[in-house]
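*Asks:* Chains as they are written, first to last, in this note's numbering: chain A, 132 to 388; chain B, 132 to 388.
Fair warning: there could be bad hints in the mix.
All copies of an identical chain are treated as equivalent in the list; a pair is satisfied when it fits inside any one copy or across any two copies.
Pairs of lysine-lysine residues, derived as PhoX-like cross-links and limited to a Cα-Cα distance of at most 20 Å, are as follows [said to hold, decoys possible]: (1) K184 x K145; (2) K232 x K350; (3) K322 x K285; (4) K258 x K285; (5) K359 x K322; (6) K283 x K258.
Hint data in this document are derived by calculation from the structure and do not stem from the laboratory.
Protein chains: 2
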Amino acid sequence: MTLYMIGIGLGDEKDITLRGIERIQSCSTLYLEAYTNVPGTTLERLEDFFKKKIIIADRSQVEERTRELLHQAISGNVAFLVIGDVFTATTHIDIFLEAKKKNIQVEVIHNAGIFNAITITGLSIYKFGHTTSIPFPRGTTRIDTPYDVIQKNKSLGLHTLVLLDLDPFQDHYLTIHEALRILLATEHERKEHVLVESDFIVCCARLGTDNVITYGSIKNLLALDYGKPPYCIVIPGTLHFMEEEVLQLYSIQDNQK
Amino acid sequence: MTLYMIGIGLGDEKDITLRGIERIQSCSTLYLEAYTNVPGTTLERLEDFFKKKIIIADRSQVEERTRELLHQAISGNVAFLVIGDVFTATTHIDIFLEAKKKNIQVEVIHNAGIFNAITITGLSIYKFGHTTSIPFPRGTTRIDTPYDVIQKNKSLGLHTLVLLDLDPFQDHYLTIHEALRILLATEHERKEHVLVESDFIVCCARLGTDNVITYGSIKNLLALDYGKPPYCIVIPGTLHFMEEEVLQLYSIQDNQK
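Next up, chain A with everything else stripped away, as it sits in the complex (with noise of 0.2 Å):
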């Protein structure tokens, strides 16, 4: 039998193709992550419109989930939903290696994950670097770890699509202002000019539903209130004209008018 991993993508249930849909209803248990994003939706709503039954995967209980659900695709269809895309956000991969070493059959069924959604941003994609990502903060105000990556993207002209800590089963998540203050604070102590307070960036929220899109210097984006999660930065690197025209609609000043 297989095992379906699914992107079911960043919005609600209507953001899923009908490929996942036709494998979904072959299945007799569906998974879902629910440990790396914030659904634009709810359980109740995807186990309503897929009229079946979701067991939520947990953190916490990865491995033993992951047993389990490799266990039922030898009898069974089993599907492994995940926000946005299947092997963007973290090491689902593992999954689908785990699977292929025991000779059962995967299908990967994408869709559309950060990666797409921050697009919208006008920023091209071909020119991002590596991807970093500010954990919350244990007794430091300096992570150094994205200060080097931005640092390194910086030189080289490319973009840093920051990602910001979440822990969604604690409703915990980390705050633009907060991640902001850590890059910041970090500038403060290794004075290297990586990042100043006069930067232009892009501070997002809710991309792919809402899309709270900013662009303006990180003094007055501190200023901005960005509701509700999850956030992401983009420090964006050498822009071509495309690129500025683009942000300029998201410019602070055009989104106070």
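Following the hints, put chain B in place on chain A, whose structure we already have.
*Replies:* Quick look at chain B alone, frame taken from chain A:
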């Protein structure tokens, strides 16, 4: 009224999302860009499926078509269908920008594109650097830009997605063999040890549909037949053990068993 910019995915008509279909139903005019990729379907099948006539937006007419569709979006709903995702492959962002400037309402409906499909190689999308492409050679065997990009990405441990030039209207596609020969010829002239015959890379055909994926040395990959286009190549950067393990699923030895 609204201009709907809708990604239809990389496979066939079943890869569209429910939201995409819903929006298409509300449109009087449908355009399909058909110059950046090869659909796993035909125009006729799409027209049958949507029960609507589709106008092909040829690359040579793109400016004229853009004016036309923006004009139509003032008085009615218009759908602009893009193979893969909306803003991934080319410069459709200029249509988005023009619409916004004219105060035409635009809704973007994302779908999976090459940056989603490539993740089935096991290579982390977070670790890709600048994307590059190899053009049809015009009287030269050496092409510097992709070589430079691969060199820079490799120096940071990043993977490079290399797209190969294509002209679907002329049924003309740069092949994997031609692309590898160009890269090796460039190496032969520049001798900067960016890419040699013994290097292990990934060659792909028809990603998102048939998914032909091969991992091996350039020397061995040159001996393979990849079938129909489209093609792409990935030059891996530093590999995490999990990436290496997934790539082994595609190693040429395994494929030839």
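*Asks:* Look at each hint and say if it fits the structure.
*Replies:* Checked hints:
1. K184 x K145: within (18 Å within a copy, 24 Å between copies)
2. K232 x K350: Neither: 51 Å inside a copy, 27 Å across copies.
3. K322 x K285: So K322 and K285 pass the 20 Å test inside one copy only (16 Å; across, 27 Å).
4. K258 x K285: For K258 and K285, both the intra-copy (11 Å) and inter-copy (15 Å) Cα distances are at most 20 Å.
5. K359 x K322: Result: close neither inside a copy nor across copies, 32 Å intra and 52 Å inter.
6. K283 x K258: Cα proximity of K283 and K258: in one copy and across copies (13 Å, 13 Å).
Checked against the numbered hints given earlier, this structure breaks hints 2, 5; the rest are met.
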